[in-house]
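*Asks:* Listed below, chain by chain, are the residues.
4 protein chains.
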Amino acid sequence: MLEPTIEVSLGEFTAAAASLAGLGPDFHRRGWVLGTSGNFSAVVDREPLRLAITSSGVDKAEVAEHHILQVDGEGRVLAGAGRPSAETLLHLAVVRLRGAGSVLHTHSVWSNILSDEFAVDGGLTIEGYEMLKGLKGVSTHEHSEWLPIIDNSQDMTLLAKSIEEALTQQPRAHGFLLRRHGLYTWGQDIAEAKRHVEIFEFLLEVLGRTHCATRL
Amino acid sequence: MLEPTIEVSLGEFTAAAASLAGLGPDFHRRGWVLGTSGNFSAVVDREPLRLAITSSGVDKAEVAEHHILQVDGEGRVLAGAGRPSAETLLHLAVVRLRGAGSVLHTHSVWSNILSDEFAVDGGLTIEGYEMLKGLKGVSTHEHSEWLPIIDNSQDMTLLAKSIEEALTQQPRAHGFLLRRHGLYTWGQDIAEAKRHVEIFEFLLEVLGRTHCATRL
Amino acid sequence: MLEPTIEVSLGEFTAAAASLAGLGPDFHRRGWVLGTSGNFSAVVDREPLRLAITSSGVDKAEVAEHHILQVDGEGRVLAGAGRPSAETLLHLAVVRLRGAGSVLHTHSVWSNILSDEFAVDGGLTIEGYEMLKGLKGVSTHEHSEWLPIIDNSQDMTLLAKSIEEALTQQPRAHGFLLRRHGLYTWGQDIAEAKRHVEIFEFLLEVLGRTHCATRL
Amino acid sequence: MLEPTIEVSLGEFTAAAASLAGLGPDFHRRGWVLGTSGNFSAVVDREPLRLAITSSGVDKAEVAEHHILQVDGEGRVLAGAGRPSAETLLHLAVVRLRGAGSVLHTHSVWSNILSDEFAVDGGLTIEGYEMLKGLKGVSTHEHSEWLPIIDNSQDMTLLAKSIEEALTQQPRAHGFLLRRHGLYTWGQDIAEAKRHVEIFEFLLEVLGRTHCATRL
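Taken in order, these protein sequences are the chains called A, B, C and D.
Counting in the numbering used here, the first sequence tops out at residue 229, every number present.
Counting in the numbering used here, the second sequence tops out at residue 229, every number present.
Counting in the numbering used here, the third sequence tops out at residue 229, every number present.
Counting in the numbering used here, the fourth sequence tops out at residue 229, every number present.
One or more of the hints may lead you astray.
Below, computed lysine-lysine pairings styled on DSS-like, alpha-carbon distance capped at 25 Å [stated by the list, open to error]: (1) LYS174/A - LYS146/B; (2) LYS174/C - LYS174/B; (3) LYS146/D - LYS174/C; (4) LYS146/A - LYS146/D.
For each label pair, taking beta carbons as the anchor points, the in silico distance ranges come out as [to be verified]: (5) VAL133/B - THR181/C: 38 to 44 Å; (6) ALA31/D - ALA77/A: 40 to 46 Å; (7) GLY95/A - ARG109/B: 30 to 36 Å.
Hints were generated in silico from the structure; no laboratory data involved.
Backbone N, C-alpha and C define an ideal beta-carbon position, used for all residues, glycine too.
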């Protein structure tokens, strides 16, 4: 599907594909991307926008470089075999709104539970934890992070719009939850986005277990 | 025990045996097949029916190709050393009723707990989770999956009959639980069956932990 | 310390040492032998009794063949460097009373919790689980397994006597718990003892999580 | 930044750096140092004091020898590239007060939960567990370990002073918790400090899960 007239960033793309594939085994082992769920992306060019993203339906325990596609700013495939994830539009929305260099999406047990329990509030607050300092630009545990929760939908255009609204209203949010679905977070590069995944998943587990104990 | 007049699909069998053995280490690590529990099968021929299946009593952390037997449609061993699992009849029942290409059976902590807790209802409903979309033919998180729970028994002929009844009554079910025993699920091939195991085990953990919190 | 007049089973010993050391990484990863806790043994000769056993204070993540000692029926070191575990007497008691070929001792979170909670009853019953069928000689999930709980002590002679009493009173028990300490189980060989560890640890987790939910 | 007039223990340092880096993968896998959290140190010389310590912001899953810095008794970098952890002053305080040869700091889910829940008491007691015997100098499960909890702060000089006070008041403590932050523990060498981490993390999980059940 690669048109000869379209300039594709193959060097950047190859490096990004290797790094994205490298996330698979650890995330799969932790139960964050079971059942072929989750998807990972990284910007390989800004002008015009080129995104490396995992293709749909891949077992993340075995994701390899040839499972990574290159898409343009509308989500059309420029290089690679396979279908892009239906959620490519959501990755593109985050890239545009946050200037992110990488967007990672995981489905964990705790994000499913908390996104459901706090859906009525439209989000949840995480504050007072040292681990928050690992989020980009946060310098103290006294930081208060609002993690928006957005209702899940199969209409990706609608969902992308909901995400745009939430991120516009919450310009300092480092991630968001889709209800009964999972976490989206991002970073300036893959390493930072991975760090944010680990931080949010850790804090969601802390909150989930604390919350249970507190309500007793 | 291989009769020269019986045509055995050795090429298909070898490939299936390698794939089935490959499931062992990850499933064992997750605690889904501890204590030599669980068994894995794949169809290697339809006419006549030939099934590759793990032999009884094998440590799934170390399962190798030589631990996989080939059996016929009555569960008689055609190739390989060792006894076939007593549950071979259950695998064969699922293959016939669902046209499955692979059947996987796991014993997890959460399937034991939930199969006991919801036994009185004869099953449990899983709905509203994005992860459900990974089940074959499901296209929205709004899907409602009924997971039948069948009383455990050591009479395999009786148990196979109970399973046939449950699957006939629930033609859209993608799996079932045996009470205080574990999960059965299947797919058109081993990869799809493995995906279904991961999805059900994930969702059972989500439900188990949510349920605990909700009942507080 | 090896006396030339004592006949040592070095061939058997070398094989047993390799197998015992091989248990370390997986048990450590699961959190069953953290902080150098736990110890593993196997009989290498019956007449006179010779036992291969892990030496004291070894990190089970890195246990190697040279960390395994050979001791006689009184727990005196015949071969190998290092101190034998203080609990060698307990292993010897189990070998004598059960004719076990291997004894394994683990410290897990769930065995600590349940041995404390049910201490007042002197043990706990596990019944109705398919996983019980993996215990030697058990052929149905309807089996009822009584797992004795023995008060912990630093007096190993006293503790060995308590264990002898408990095992004599419960001739069909496949294991026992030391209160706030951990599990002992055994088998005719290392593979069977390992299977019993996995089965008991699995069932203790199921009971612990069920029990929590039930008391809500 | 290495001044030629300062004598640096490069042999000791290289060995310590390799050992510290070796802790990363297992601690990361267990979720004790996610999101680049945690830091590890070891004394490489006493007179004058020289400490090997992980540099700031390193992914502990991939920590290598070149991520380990050598600092002096004021926390100034003598060798290695990168910034020292802001918490270097806390490591130095522990080294001075306890004569520790290694200090390890982890961020686990259970240390976050329990340090918050028991903050009002200024610490928590752990007693009656066999696992306590793995702490240096403890010879019976009847030992009572007081684990102080210190309020978290971004002012490292202040925090070092709070730690000095707590450790002076509790001369037998083997570790302490920073509230909603994590565990500090130490040992005469890296192996002993690692053993103490495993013991405390194990016992915090036991307490956290027991406590939950007890309060029901």
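*Asks:* Measuring from beta carbon to beta carbon, are VAL133/B and THR181/C in 38 to 44 Å?
*Replies:* 40 Å, holds
*Asks:* Between the alpha carbons of LYS146/A and LYS146/D, is the straight-line distance 25 Å or under?
*Replies:* Violated, because 35 Å separates the two Cα atoms, which is more than 25 Å.
*Asks:* Does LYS174/C lie within 25 Å of LYS146/D when you go C-alpha to C-alpha?
*Replies:* Between LYS146/D and LYS174/C the Cα gap is close to 22 Å, so the pair holds against 25 Å.
*Asks:* Taken at face value, is the distance from the CA of LYS146/B to the CA of LYS174/A at most 25 Å?
*Replies:* Holds: LYS174/A and LYS146/B sit about 22 Å apart, inside 25 Å.
*Asks:* LYS174/C and LYS174/B: Cα distance at most 25 Å?
*Replies:* 51 Å, violated
*Asks:* Should the hint that ALA31/D and ALA77/A are 40 to 46 Å apart at their CB atoms be regarded as holding?
*Replies:* Distance hint for ALA31/D, ALA77/A is violated at roughly 31 Å.
*Asks:* Take the C-beta atom of GLY95/A and the C-beta atom of ARG109/B, compute their distance, and say whether it sits inside 30 to 36 Å.
*Replies:* Taking Cβ atoms as reference, GLY95/A and ARG109/B lie about 33 Å apart, which means the hint holds.
Consistency with the previously given hints fails for numbers 2, 4, 6, ordered from lowest to highest.
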